[in-house]
Every structure is written in C-alpha cells, then in structure tokens.
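Sequence order for the protein chains is A and B.
First residue of the first sequence: 1, per our numbering; consecutive thereafter.
First residue of the second sequence: 1001, per our numbering; consecutive thereafter.
These aren't lab readings, by the way, just hints derived from the structure by calculation.
Among the hints, a few may not be true.
Unchecked claim - Heads up, simulated EDC-like pairs for lysine to aspartate or glutamate below, C-alpha to C-alpha not over 20 Å straight-line:
#  : chain 1 : residue 1 : chain 2 : residue 2
1  : B       : K1055     : B       : E1086
2  : B       : K1371     : A       : D29
3  : B       : K1072     : A       : D42
4  : B       : K1014     : B       : E1157
5  : B       : K1014     : B       : D1344
6  : B       : K1050     : A       : E39
7  : A       : K134      : A       : D121
8  : B       : K1072     : A       : E32
9  : B       : K1072     : A       : D121
10 : A       : K159      : B       : E1150
11 : B       : K1371     : A       : D44
12 : B       : K1026     : A       : E168
13 : B       : K1371     : A       : D42
14 : B       : K1069     : A       : E32
15 : B       : K1046     : A       : E156
16 : B       : K1339     : B       : E1107
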Amino acid sequence: MLIKGKVWRFGNDVDTDAIIPARYLNTSDPEELAKHIMEDADRDFPNKVKAGDIIVAGKNFGCGSSREHAPIVIKAAGIQAVIAKSFARIFYRNAFNIGLPIFESAEAAEKIKEADEIEIDADNGIIRNVTTRKTYKANPIPPFMQELISAGGLVEWTKRKLKVVVQENNP
Amino acid sequence: MTITEKILAAHSGKKKVSPNELINAKVDLILANDITAPIAISEFKKIGAKDVFNKDRITLIPDHFAPQKDIKAAEQCKMLRDFSREYNLSLYFEVGRMGIEHALLPEEGLVVPGDLVIGADSHTCTYGALGAFSTGVGSTDVAAAMATGECWFKVPESTKFIYYGKLNKWAGGKDLILHTIGDIGVDGALYRAMEFEGETIGNLPMHGRLTMCNMAIEAGGKNGIIVPDKITKSYVRNRAKRPYIFYKSDKDSHYVEIREYDCSKIPLTVACPHLPSNVRPAAELFEVTIDQVVIGSCTNGRFEDLLEAATVIKGRKINPNVRMIVIPATQKIYRQAMKKGLLDIFIEAEAVVSTPTCGPCLGGHMGILAKGERAIATTNRNFVGRMGHRESEVYLSNPAVAAASAVLGRIGIPEELGL
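Take the sequences, apply the hints, and build the full model.
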C-alpha cells in the first residue's frame, strides 16, 4: 500500500483531549466528531485539514484517555496516516484495531516539516519525503499487528477466530 | 517472574511469559462506560457473536456524563441500559446504584487480587492496588473480549519504584505518584508495568494505593501494581465476590529499571498546567489564585479523601472568590460521608456536594471552567481544555491541598491554616 499526502506537524505528548475534547463525546458519530479534530491544539485545524493529509508528530502521540474516538476522528477527517516518534500504548492498539495506519520513526518525526509532501510505502515501512527527497525507515510492525491489518481490523479478525472455534466444536 | 508476568501467564495458560511476548489471555472482568461502551456495543454487533462470553463478567457503568447531562448523553446511557437488558448482564449499574467505575468496582468486591481486568477507560489501571493486572484498552478491544472472553497483550517490561521513609504531614499517595510522574515524565513508563513497593507502600492505606495505581497511565504505564499484603487482605476480605489469589514477584524477577524515593523529601506536590509531569511543591505556588476547587474523581473521590478535605475545611469558609465542588465517588461513599457529618462540614463551609459522576474531571458537566478560569482539583489530568475552555487551567493536588486552597483563595497548604 502506498500512502501519499501533505503533512501537518504537531509536537510531543499530543493528548487525546487535544485530538478530540471530551466535551464533544456525548456522541459517537464519526462525522460529527471530526468537526472538532485537534481543535484544542490548533483551533483552525478542522477547517484546514483535507482528506488525504498525513499527521507527523513527536513522542507519546495519543497519550491520556483510552477513547477510541481519537483514532476514529483522525480517520473520519480523511487523514491517511500518522507518523510519530512514539505512540501512547492505548492509542497504538486502538489504531491497529480500527485500521488507522500509524508508523513509528524517530528520524522522520524529527526531519519532516509542515506542508512537506511525503510518500509511505506501508508494506516495507519506508517513508519518502518527496519535497526534500530524503528517505526514512519506520520501525517494523510486529507480526500480530500485520495480521490485524491484513484481516481489516480487530472486528474482522475476531469474526474469523469465532468461525474457527465454531468449526472446531462442530467438526 | 514479576507479579504482572505471573498473572498474565496464569491467564494465558502458560507456565512462563517474558517481556515483549505477545499473548492471548482470558479476562476476568470487562468494563466500559457511557462514553466508550456505545462504540463497543456497535462493534460487538458487527462481530455477529450469538451471545456475550459471560453475562456476569461484563460491567457497563454510566458515570462520565451521568446523571444524563443532555439528550445526546442520555441516548448514550440508554444504549448501555438496553444492551445490558438484551444480553441479561448482571453488572449494569443505574444512576442511584452506580458510582465512578474505578471507585465502585473495588468497593463492591467485583475486582479481586489476581484478576486480569480490561476496561475501555484509561484509569482501569487503578485495580493494580489490589494486586490485579488491569489495564485500559479501546472500545473495539472490549467488543472483541465481550464476544470471546479474551484479549491480546504484549507482556510489558517492569519498572520497580521503591518508596522508603516517613511521609510528610498531609502527604499521601497523590503526592507520591505526582512526584514520580514529575521525575520520569508522561511517557517515562511507556508500555511498562509500574510496580510500587517499599516500606512506605507497606504502610500506605488502600485509598492511597488506589490513587497511585490510578495514575500509572499518566506516566504512560500499561499497569500499576502492588504486591498484596495485610492491607490488601483486610480490604478484600469482606468484599470479594469471587475467590482471589495473592501473587508476588519472585526474588530473581527482572526489572528494566529500579528507582528509589526517600518520601521524607517529597513535599506536598502540585502538577501545574498542562501536563501531570509539570510538578512543583505546593508551598511554592502561593501566588496562584483560583476560581474553583474540585474534590472527587476516580483518583481521589473515596471516603478517606473526603475526610481529609473535611478535616481541613471544618469550621472555615470557602474563600468568597472560590466555588468548591465535592463529588463522592460512589453512593456508599456519599452515604458514609453523610453519616459521619462530612457533608454538613462542606455545606457549612459553602461548598456544594454533587451526586457521583466523573463530571468536571473531563470537562463534561457539574463545574466547567470559563475562559481564563483556574481550578485546583484532586483529579488526574490537566491537559489543555480538560475541565472546560481551552484557555482555562487545571492544577492537580491531593485533597488536603485542594481544600486548603479553597479557603485561601489561592494555592496553599494546610500548614498555612495552622493545621
């Protein structure tokens, strides 16, 4: 899979309250929530962001709450992928569970600038900065997470698993 | 193996697990609230399972925006109620019977030592105080676990935090954990188990232990945990609804890091905006005026927390420039506070007492900050906009410091009131 898009930059420790403030969580509707994406970090972001864009951030992206609404709004706003130096652990598993592509790369997180055009070769973990013609490597995705990605997320993976259990019980 | 590794091994049918190993483990209890359960419910339906794995091991608790603050919140709470009825779940807690999830479940003995618990709420790590492995996950994880009774985990590496020495007057679990987060940073324990031990922890009452494990997530931790002891035993003995197991870490357990703290040197501690790691001694913040004080939340809404605040407030008035909101975390705590006269003390001092709710902690309701307003709260997060307007500020402290600040109209310590 090749992901290509324009970059929005954020700093370290972007928390889930910044990604989607809790005051809007009286609904779970992705489209409704996406109107408020990142608004406490950058008030104008919901207007500026375009489908196909990519977020690049520093360390500990998605820290704080367990709310799955965070990766959901990022996906719903049309953002194709997030690259960060590191991810908070619940955000990390949520992203894989719902099928939001995320990549850990300290070098890319440091060097890529706002508005750069980048290209991510998701299968090989290679990030190319089209603007500066530099290439970076993303940390390898653990085998189980690859399994989740190829299944299409945790719901599909669980469906398959339940089918196997049913077949084993009714040979 | 460490206590964390032992619990994970026991729940995945293995003799031994090692850090970074990926396992599928059986869960003892699954929880979700009115913010996270609606997504879990719709994902569960997509999975198409015929039934939930166990109707007595799933608990849905409307606590964040409950009592239902508006129509949308009411619709979300209704989803929990409807789903619980449809699948005959025995652990649904309606308003009037509920409490803040992480105060309610240990209090009711629904989480026991040795358990493996997942919850679609980041502060699920609270139950490590009982010697359980518990961690926050997402709604889809909860959906899958409701169908299968299992969840995938990467076995975390463990860091040991050793606390020794006598605690300063009015200092407690909140000060220890804020100091620790200040020391290691908001990702200082990323993906790791935080194991708390040492003579100070051995003497720390259960409410202080719950506060410490509750905030492990604020250092990025996967779980906080304390090896069960006499204090654990006396807490769970008359509450536990299921048999329990006390696990302990082996002497030759591997820790990636060991940190030690002399508690006599840990002052009353406050986390300043906008990160829980941004800590300063409370006594140095005397120039910070405040508009609101919140005593409550899953971190510090237990009876002993209210008692500490009431001891400071008793016979005094809240500063005229300040509003103080007290939120007992459960109905039982509310009633106990009423019987012991704490509610009278608060009302006499001109504070308000709310029904149990997460409410203002996450900027939901019951005490939202306007632009430019500042609060000191016994809650757990002080991110931008956490309690209201994005230009408002939250300082985090223990209940005694928050109560003293309410009287002083600025951040201060009980000593300033002659206590």
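A quick look at each hint next to the structure:
no. : hint                : in the structure
1   : B:K1055 <-> B:E1086 : 11 Å, holds
2   : B:K1371 <-> A:D29   : 27 Å, violated
3   : B:K1072 <-> A:D42   : 26 Å, violated
4   : B:K1014 <-> B:E1157 : 17 Å, holds
5   : B:K1014 <-> B:D1344 : 54 Å, violated
6   : B:K1050 <-> A:E39   : 40 Å, violated
7   : A:K134 <-> A:D121   : 14 Å, holds
8   : B:K1072 <-> A:E32   : 12 Å, holds
9   : B:K1072 <-> A:D121  : 41 Å, violated
10  : A:K159 <-> B:E1150  : 13 Å, holds
11  : B:K1371 <-> A:D44   : 18 Å, holds
12  : B:K1026 <-> A:E168  : 19 Å, holds
13  : B:K1371 <-> A:D42   : 16 Å, holds
14  : B:K1069 <-> A:E32   : 19 Å, holds
15  : B:K1046 <-> A:E156  : 9 Å, holds
16  : B:K1339 <-> B:E1107 : 18 Å, holds
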